[in-house]
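Hey, can you work out the whole structure from these sequences and the hints?
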Amino acid sequence: MTHRTDIRFILNGRDIALPEVGADQTLLDFLRLDQRLTGTKEGCAEGDCGACTVLVGRLGPEGLGYGPVNACIRFLASVDGCHVVTVEHLAGRDGRLHPVQQAMVDHHGSQCGFCTPGFVMSLYALWMQVAEPTEAQVETALQGNLCRCTGYAPIIRAAQAISRYGTPASDHLMVERAAITARLAALGDHRRVVTGPEGNRAILPADVDDLAECLLEHRGATIVAGATDVGLWVTKFLRPIGPAIFTGHLDEMKTVVQDGNSLRIGAGASYSECQEMLSRHLPHLAAYWDRIGGWQVRSMGTVGGNIANGSPIGDTPPVLIALGADITLRRGDARRSLPLEAFFIDYGKQDRAPGEFVESIRVPLPGPEDRNAAYKISKRRDEDISSLAVGIHMTVTGGTIRNARIAFGGMAATPKRATAAEAALNGQLWTRESFEAAARALTEDFTPLSDWRASSAYRMQAAQNLLRRFYLEHDAATAALVRLEAF
Amino acid sequence: MKDAVSITGSAHTDRIHDSAAKHVTGGADYTDDIALPEGALHAYLGVSDVAHARLLGLDLSAVLAAPGVVGVLTAADIPGTNDISPTGLHDEPVFPTETIQFHGQPLFAVIAETRDQARRAAELAEVSYEPLPHALDPVAAQEAGYPYVTAPLTLERGAVAPAQEDAPHRIKGRMHVGGQDHMYLEGQIAFAIPGEDDEVSVHCSTQHPSEAQHMVAHVLGVPSNAVVVNVRRMGGGFGGKESQMNLFCVVAALAAKKWGRAVKIRPDRDQDMTATGKRHDFVIDYDVAFDEAGRILAVSGDFAARCGFSADLSGPVTDRALFHADNAYFYPNVRLQSHPMKTNTVSNTAFRGFGGPQGVIAAERMIEEIAYALGRDPLDIRKANFYGGPGRDVTPYHQKVEDNILGRLVDELEASADYRQRRAEIIDFNRASPVLRRGIALTPVKFGISFTATHYNQAGALIHVYNDGSIHLNHGGTEMGQGLNTKVAQVVAEAFQVDFERIKITRTTTEKVPNTSATAASSGSDLNGMAALDAVHQIKARLVTFAADKWGVAPEAVLFRPNEVRVGADVLSFDAFIRAAYMARVQLSAAGFYKTPKIHWDRARGQGRPFYYFAYGAACSEVTIDTLTGEYRVERTDILHDVGRSLNPALDRGQVEGAFIQGMGWLTTEELWWDKGGRLRTHAPSTYKIPLASDRPRIFNVALADWSENRELTIKRSKAVGEPPFMLGISVFEALSMAVASVVDYRECPRLDAPATPERILMAVTRLQGGR
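Chains P and A supply the protein sequences, listed in that same order. For reference, each letter of the first sequence is one residue, going 1 to 487 in my numbering. For reference, each letter of the second sequence is one residue, going 1 to 772 in my numbering.
Treat the hints as calculated values from the structure; they're not laboratory data. Every residue gets a Cβ at the ideal spot worked out from N, C-alpha and C, and that includes glycine. Honestly, I wouldn't trust all of these hints.
Just the calculated beta-carbon pair ranges, DEER-fashion [stated by the list, open to error]:
(1) P/V175 x A/F429: 48 to 58 Å
(2) A/R711 x P/L449: 48 to 58 Å
(3) P/D333 x A/G57: 54 to 64 Å
(4) A/E98 x P/P240: 48 to 58 Å
(5) P/S170 x A/V5: 33 to 43 Å
(6) P/G65 x A/W259: 47 to 57 Å
(7) P/A286 x A/F429: 24 to 34 Å
(8) P/D207 x A/F429: 52 to 62 Å
(9) A/F429 x P/D351: 46 to 56 Å
(10) A/A140 x P/A413: 50 to 60 Å
(11) P/A413 x A/D291: 54 to 64 Å
(12) A/E98 x P/D351: 47 to 57 Å
Not close to chain P: a few residues of chain A, all C-beta gaps over 12 Å, as computed [what the hints assert, rightly or not]:
(13) E38
(14) T74
(15) P131
(16) F386
(17) E402
(18) L409
(19) F500
(20) R507
(21) S573
(22) W601
Structure, rendered in structure tokens:
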């Protein structure tokens with residue numbers, strides 16, 4: 001079958017077919033510069049402010065689903081087969097304001113107005129999922145939207161009032177759902193897409209087997225999943241990324257299933273896509289997961305990408321290493337598995353051969369005697385990169401600690417286990433003294449850096465105190481008194 | 001009676017922001033959204049990667065050879081003066097020729113067919129330089145013997161030294177107060193269109209169109225009448241677009257004239273944050289003497305500021321820090337000294353509060369010190385020191401405080417926030433809670449309103465009434481989200497007694513109102529509202545004369561009623577009345593003007609009345625900290641704020657809420673961090689963290705003091721609102737401080753610098769616990 005060479009999608013109400021799309025072209029530039037849809041704003045070009053929020057709808061196994069994304073770091077080629085909805089599409093066909101918009105107007109939700117289209121889009125996405133959200137749900141939905149004027153209170157009030165202005169059922173994305181679904185289905189031809197000029201080629205494999213093949217053909221290619229990191233290579237560092245192989249459209253990579261005593265997470269599953277299964281099977285990760293990026297980043301970024309990119313401050317490796325996760329890498333038809341911690345060799349160096357890709361992650365599920373925790377420390381609670389993060393796992397049988405697995409991010413050049421602290425705990429009694437010994441041992445495990453996120457001294461002290469917190473939190477006498485989130 | 005009918009959008013009503021519907025639909029045009037003329041080019045700045053160096057050479061051949069590049073601009077291309085210092089000190093070149101003064105300083109601009117091409121090409125310059133030693137912060141600058149960037153100020157009253165020596169108690173301390181990036185969501189941007197002869201027209205996002213106009217003229221070497229600067233709206237300003245837009249306007253205008261094509265310049269967020277100024281950080285040394293009752297006897301304070309490489313607005317900023325170092329408190333003997341230090345960093349600039357917040361936080365720290373030293377509730381110490389009572393009403397700058405309402409305002413907030421009861425409960429809670437600790441603080445603010453540069457306190461407006469009865473409103477202020485246009489239009493609607501919708505609010509342009517002041521110092525409505533009202537009064541006076549004459553009635557019998565005019569027994573619709581006036585050749589246009597009365601300031605003597613009046617407010621915040629990690633949460637904030645008789649309570653409340661959150665951000669999560677080489681490493685929202693929705697206090701009660709009325713004759717007896725509530729965020733900082741102090745049973749005032757990041761909280765806890 002010959003490759004397709006154009007990118008096809010629906011933009012608001014129109015079908016778009018672009019004969020040539022370079023790997024590094026962003027959706028935002030396309031909207032603003034080519035289409036003159038200037039309602040979508042550029043605030044930071046790094047996926048942190050949300051002024052460029054648009055909705056991207058895609059046909060998955062469970063039908064058409066819309067998620068908010070940052071158009072600034074979303075590559076244009078990756079919206080192939082999708083429905084892109086911008087703020088210009090919201091007002092009614094009669095020109096009347098959309099319920100989200102009218103609520104924002106009536107509650108004084110805008111001041112300078114520059115962030116406002118992005119807020120409108122995030123609130124729109126939320127309203128479609130939860131018509132009458134709680135304040136906490138609104139806050140979680142708005143973690144990826146910065147406003148510098150209002151202090152947010154009027155926006156929250158607006159968010160909770162939207163349903164007084166209309167119901168999601170009568171919203172036009174809902175009303176036109178079947179028609180859009182049919183149009184999107186007609187776009188999908190299950191062919192590999194190869195587009196863009198030599199040197200800036202964008203490749204969208206037809207399926208996972210084709211991905212494996214593409215990677216053998218282009219061993220040095222940039223693999224782009226959610227683009228929440230690669231996007232910045234382009235917008236911030238002006239780095240060429242071609243040829244780039246996109247994986248965000250591959251449903252087979254997105255499955256999250258229980259497999260015996262494990263959870264198997266497709267490397268292409270976005271943070272949002274695995275949230276429900278993770279929260280169900282690993283409840284200690286639920287609150288932690290909500291602190292990864294903002295909603296836009298969670299609906300784009302993938303667990304596999306977070307691992308493969310090798311950052312020492314990625315949110316998922318510490319907590320997954322602590323749970324004893326392993327990953328499966330694939331090259332052509334050959335697969336190999338290794339413990340997640342072994343994947344991280346050194347700063348910027350991972351155990352991934354040219355042509356190889358991370359296919360899935362297997363996370364063993366804890367047993368009844370296991371105690372688990374996931375902690376993240378950052379300057380700002382939400383949508384911040386961790387100063388340090390830790391996953392802690394241990395089995396406590398008859399008052400004795402076994403199997404301690406403690407993995408930190410932000411404490412070394414890679415996500416790394418605290419082996420001395422683990423050794424200090426294993427075989428010891430579940431007592432405050434055991435944890436004091438483990439805290440002391442941490443100084444053998446790590447010599448953290450000082451940077452703009454935290455000083456070395458703070459990182460070490462906070463790391464030690466997180467072990468203390470773990471003890472207090474899991475001890476019946478003190479459990480209720482320890483965590484800000486808990487009361 | 002028809003009088004029951006009223007107009008829409010009258011003054012003192014909750015009129016919605018005039019652009020709200022455009023904001024939510026994406027239909028509001030910002031500068032980057034304006035369609036470019038054919039053939040438009042794009043500029044981008046090439047910047048230094050060293051903090052201080054002798055510039056030896058600039059090889060731009062690779063830049064010029066890059067794809068799409070049309071040319072470059074260097075200092076050699078400047079036909080006029082290579083200087084954009086807003087105070088005329090001639091210390092801020094557009095592009096330096098001899099010395100690089102900070103990491104990220106613009107050295108040249110590249111002009112290309114697309115912005116992407118210009119941006120890529122700008123990376124290709126070969127800069128040769130000889131590094132020089134650098135000083136990044138005020139302490140290092142003082143140690144290195146760096147000069148002041150501008151003349152310092154001393155405020156003095158009474159005899160400090162004897163009062164200190166005789167005092168029963170005396171505490172000296174030092175506090176570092178961090179700066180703040182504006183983080184307006186819309187970055188700096190300008191685009192210039194060349195005109196005939198020496199003319200050029202600039203669209204940009206500035207709070208100060210007249211200054212941008214004068215700078216462009218100055219750099220181009222043309223008279224100001226050749227330059228037009230236009231601003232429809234800004235996506236946030238906060239002071240960051242007062243003088244900082246000048247560079248971008250000048251570069252766009254230079255390139256537009258050189259190549260005869262429209263040129264747009266928009267830096268990316270990183271360049272915006274590294275190449276433009278911020279709130280000044282300060283190192284404050286205070287020395288406070290007090291009696292057993294906690295009454296302050298004497299204060300001396302030294303305020304050293306990181307000003308950056310040039311003066312910019314550092315003079316008036318550091319002055320205002322001193323003007324507010326008393327906050328709400330009477331100092332019987334006082335000596336305050338500013339130290340505006342030159343540093344090898346970007347030149348710091350205006351930011352909401354303009355130095356005032358750094359002064360206020362010093363006052364509040366001194367109060368806290370006294371309270372901990374005496375084992376008292378800090379609120380009692382605050383009250384004991386409020387201005388008021390015989391002989392206790394003079395500020396360190398010798399202005400009398402005549403309008404103090406803090407007694408009533410604080411009492412009301414104390415009651416509505418249930419401060420005493422909650423403080424007692426918090427102290428109980430802390431006794432029983434080993435890890436989590438709470439704190440509560442109620443802090444007041446008194447903020448002086450007027451530009452301290454007296455000549456800035458003037459404004460103009462231009463109103464046309466067209467012969468169909470529609471009204472065109474223009475004034476010298478700029479709209480940055482604060483709702484200025486809405487408020488001024490409300491004033492005009494009420495004065496004419498016409499519906500708000502009849503008034504078209506138009507972009508700010510130097511063509512319509514000349515010689516305007518920056519929309520700054522919270523003065524926008526005060527000044528421009530009065531100027532617009534003056535224009536309305538002129539037109540109405542002509543209309544009354546016309547009607548009295550034509551209908552043969554007394555002028556008092558001509559009455560403007562909602563959307564109509566009564567002349568004696570006749571009633572005309574406003575449209576018909578205006579039509580009649582037009583047919584009778586009445587001039588239906590007027591330029592209004594206003595200057596603030598009563599104010600004067602002698603800076604050399606440190607005496608005068610720099611402020612027309614004061615705005616007041618108070619906030620009570622409660623926090624919980626985690627003493628294991630330093631993480632915290634703001635549990636509840638109650639605010640009572642004074643805006644006089646509000647022109648628009650909904651917009652004013654929005655200002656109060658937004659300012660509080662921004663002030664809280666300044667003192668909590670927003671940290672500017674330079675590495676040793678002078679490179680700012682918190683340079684975008686990924687690394688610089690402003691508050692999110694989830695950082696709001698869990699309970700947030702905000703009220704305006706609806707009984708307050710400005711005792712001065714301001715516009716409709718309202719008060720300025722932009723800056724004063726910013727300082728309400730200090731309540732969060734002091735509440736955090738109390739939670740920290742709980743670990744030693746409140747026996748000691750914690751050494752806590754700002755911003756109080758989780759790290760600083762944990763370090764303060766650890767220090768009090770004697771290390772671990």
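Okay, the hints, checked on the actual structure:
Between P/V175 and A/F429 the beta carbon distance is about 52 Å. The supplied range of 48 to 58 Å therefore holds. Between A/R711 and P/L449 the beta carbon distance is about 57 Å. The supplied range of 48 to 58 Å therefore holds. The supplied range of 54 to 64 Å is met by P/D333 and A/G57, whose beta-carbon atoms lie about 57 Å from each other. For A/E98 and P/P240, the hinted distance range of 48 to 58 Å is not satisfied, since their beta carbons lie about 37 Å from each other.
At about 36 Å, the beta-carbon gap between P/S170 and A/V5 stays in the expected band of 33 to 43 Å. About 49 Å separates the C-beta atoms of P/G65 and A/W259, a value consistent with the hinted range of 47 to 57 Å. Checked against the hint of 24 to 34 Å, the pair P/A286 and A/F429 passes, with Cβ atoms roughly 27 Å apart. Range check, P/D207 to A/F429: Cβ separation about 58 Å, and the 52 to 62 Å hint holds.
The hinted window of 46 to 56 Å between A/F429 and P/D351 holds, with their beta carbons roughly 50 Å apart. A hinted range of 50 to 60 Å is violated for the C-beta pair A/A140 and P/A413, which are about 31 Å apart. Roughly 57 Å separates the CB atoms of P/A413 and A/D291, a value that falls within the hinted 54 to 64 Å. Distance hint check: the CB atoms of A/E98 and P/D351 are about 52 Å apart, consistent with the given range 47 to 57 Å.
With a least CB separation of 14 Å from chain P, A/E38 remains clear of the 12 Å interface cut-off, as annotated. Its beta-carbon lying about 22 Å from the closest one in chain P, A/T74 satisfies the requirement of being farther than 12 Å from that chain. With a minimum CB-CB distance of about 23 Å to chain P, A/P131 clears the 12 Å threshold, and the non-interface call stands. In this structure A/F386 is separated from chain P by more than 12 Å, as the shortest Cβ-Cβ distance comes to about 27 Å.
Chain P leaves A/E402 outside its interface by the beta-carbon criterion, the shortest separation being 31 Å against a cut-off of 12 Å. Its beta-carbon lying about 20 Å from the closest one in chain P, A/L409 satisfies the requirement of being farther than 12 Å from that chain. Listed as outside the interface, A/F500 is consistent with that label: its C-beta sits roughly 15 Å from the nearest C-beta of chain P, beyond the 12 Å cut-off. The Cβ of A/R507 sits about 15 Å from the closest Cβ of chain P, beyond the 12 Å cut-off, so the non-interface label holds.
In this structure A/S573 is separated from chain P by more than 12 Å, as the shortest Cβ-Cβ distance comes to about 28 Å. Even its closest Cβ contact with chain P, about 31 Å, leaves A/W601 beyond 12 Å, as expected for a residue assigned away from the interface.
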